[in-house]
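Chains as they are written, first to last, in my numbering: chain A, 177 to 419; chain B, 177 to 419.
It should be emphasised that the hints constitute simulated quantities derived from the structure, not laboratory data. Be aware that one or more of the hints could be misleading.
Pair by pair, the computed Cβ-Cβ distance ranges are [what the hints assert, rightly or not]: (1) A365/A / T294/B: 44 to 50 Å; (2) S196/B / L362/A: 49 to 55 Å; (3) R356/A / P363/B: 19 to 25 Å.
EDC-like mimics (lysine to aspartate or glutamate), calculated; alpha carbons at most 20 Å apart, straight line [said to hold, decoys possible]: (4) K198/B / E214/B; (5) K325/B / E231/B; (6) K358/B / E308/B; (7) K358/B / E357/A; (8) K325/B / D293/B; (9) K262/A / E308/B; (10) K198/A / E375/B; (11) K198/B / E183/B; (12) K325/B / E357/B; (13) K358/A / E357/B; (14) K198/B / E375/A; (15) K329/B / E308/B; (16) K262/B / E357/A; (17) K198/B / D185/B; (18) K286/B / E304/B; (19) K198/A / D185/A; (20) K262/A / E205/A; (21) K325/A / E375/A; (22) K286/B / E205/A; (23) K286/A / E205/B; (24) K328/B / E384/B.
C-beta: ideal position from N, C-alpha, C; glycine also.
Protein chains: 2
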Amino acid sequence: MNLILLEPDEIQADGTAVISGKRARHVREVLQAAEGEEIRVGVVNGSTGIATILEDAKQLRLQCNWSGGISPVPRVDLLLAMPRPKVMNRLWPVLASLGVGRILVSNAWKTERSYFDTHVLEPEHIREGLVEGLQQARDTRLPQVSLHKQFKKLVEDQLDGFGPYAARLVAHPGDGVFPREKLAALPAAGRVLLAVGPEGGWTPYELELLGAHGFEAVSWGARTLRTDTACVVLLGLVQSVLG
Amino acid sequence: MNLILLEPDEIQADGTAVISGKRARHVREVLQAAEGEEIRVGVVNGSTGIATILEDAKQLRLQCNWSGGISPVPRVDLLLAMPRPKVMNRLWPVLASLGVGRILVSNAWKTERSYFDTHVLEPEHIREGLVEGLQQARDTRLPQVSLHKQFKKLVEDQLDGFGPYAARLVAHPGDGVFPREKLAALPAAGRVLLAVGPEGGWTPYELELLGAHGFEAVSWGARTLRTDTACVVLLGLVQSVLG
Chain A
177 MNLILLEPDE IQADGTAVIS GKRARHVREV LQAAEGEEIR VGVVNGSTGI ATILEDAKQL
237 RLQCNWSGGI SPVPRVDLLL AMPRPKVMNR LWPVLASLGV GRILVSNAWK TERSYFDTHV
297 LEPEHIREGL VEGLQQARDT RLPQVSLHKQ FKKLVEDQLD GFGPYAARLV AHPGDGVFPR
357 EKLAALPAAG RVLLAVGPEG GWTPYELELL GAHGFEAVSW GARTLRTDTA CVVLLGLVQS
417 VLG
Chain B
177 MNLILLEPDE IQADGTAVIS GKRARHVREV LQAAEGEEIR VGVVNGSTGI ATILEDAKQL
237 RLQCNWSGGI SPVPRVDLLL AMPRPKVMNR LWPVLASLGV GRILVSNAWK TERSYFDTHV
297 LEPEHIREGL VEGLQQARDT RLPQVSLHKQ FKKLVEDQLD GFGPYAARLV AHPGDGVFPR
357 EKLAALPAAG RVLLAVGPEG GWTPYELELL GAHGFEAVSW GARTLRTDTA CVVLLGLVQS
417 VLG
């Protein structure tokens, strides 16, 4: 945690907040900050600032001072075919730390339908994982997450509502290259949608459907990566170009 | 597994091999390949090729045909401050799938010494993790791993023995940028050493020591990433430039 993130309703009118549990433990044991000392804080989807520790009793009472604004929405969104719940669970903090505007979790032919019946997709669980990643990356901007059990409907009818996107990319091992120059030439506010498939890959039908809706196949290289590794590598590449 | 990897001593003089356990299960259940059908195989640190399934009884008997050579040694090595064992354990297959020549696991000021007393660093365990990653990436070239409990000795006396390196980079969140042009301009055989620090980061002394030995601070951007995420993002970037 490089930032202690507070929920909006934790902050009182006088700018104080009381935290306990995991965050308080982190302040005490990792940051080793005590009464009178300052720590970095932020509000979910809000400002960042500095808090003074007023009281370190059973709970930790903070006096917050908001000086930093909220970071802009990251210029990349992720369309992710739902991986095994265990993998999805590990990805929440990682995706939030890398910075994505929106995560569209989708069904796909090679995704098991049962993957959607998991606590890993419950809103509180998602939020907890994302907040962990934001605290790591010192960000307050929470990615928006939506679940889509009908891939075709998502691509044909719903995607345009999330855009507009200046580029749509689909990760597909093999021939594609990474369109560095193209991304670098996008207008400054141009947003990118990156689609990453399930463990067994997209089916030819799915690739065709994505292609018909403007998705360009991209690849990191000759090596076939696991879904979660591919997400991290490709988001890292996209972000390194978009800045 | 996009390639079934065999150990050299599993292959008989007539090119047959017998596999069981995890790999046999993968052939049957995921690839759904049966007697008479062909699957992709490789030998650790050796050729790739095609194997015909001769017999699918309790074990799986294969007839191998080697046609592909061994891939070149990846042009990047990783100097990694030993993370928590659980994280290291998850990283073995990921690092092998991304492709690294050598992994130097090092002590650092903010690494707990007890991290070195773990089964995760036992040779058979490391090999198992790396082989999993190679099978994913369809590679046979096993990264070489060495353990270094003395960071100073490693940097001052031992590193030159692993090189030569055309560039030495140390991941450090903040000011640095990613030296894309510099890496792109390296000679075709030029090798790169990337150093990634412990959870709490390098100490000023360690950064100074690395700096004095030719390491240039690089960063992926303003966001501070977890050690394992930083490894994947930065290796992904380095490999995407070196090809």
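Taking the hints in turn, this is what the structure says about them:
no.	hint	result
1	A365/A / T294/B: 44 to 50 Å	48 Å, holds
2	S196/B / L362/A: 49 to 55 Å	52 Å, holds
3	R356/A / P363/B: 19 to 25 Å	21 Å, holds
4	K198/B / E214/B	18 Å, holds
5	K325/B / E231/B	48 Å, violated
6	K358/B / E308/B	33 Å, violated
7	K358/B / E357/A	17 Å, holds
8	K325/B / D293/B	11 Å, holds
9	K262/A / E308/B	18 Å, holds
10	K198/A / E375/B	17 Å, holds
11	K198/B / E183/B	14 Å, holds
12	K325/B / E357/B	34 Å, violated
13	K358/A / E357/B	17 Å, holds
14	K198/B / E375/A	17 Å, holds
15	K329/B / E308/B	32 Å, violated
16	K262/B / E357/A	38 Å, violated
17	K198/B / D185/B	18 Å, holds
18	K286/B / E304/B	28 Å, violated
19	K198/A / D185/A	18 Å, holds
20	K262/A / E205/A	28 Å, violated
21	K325/A / E375/A	17 Å, holds
22	K286/B / E205/A	14 Å, holds
23	K286/A / E205/B	14 Å, holds
24	K328/B / E384/B	11 Å, holds
Hints 5, 6, 12, 15, 16, 18 and 20, counting from the list given before, are not met by this structure.
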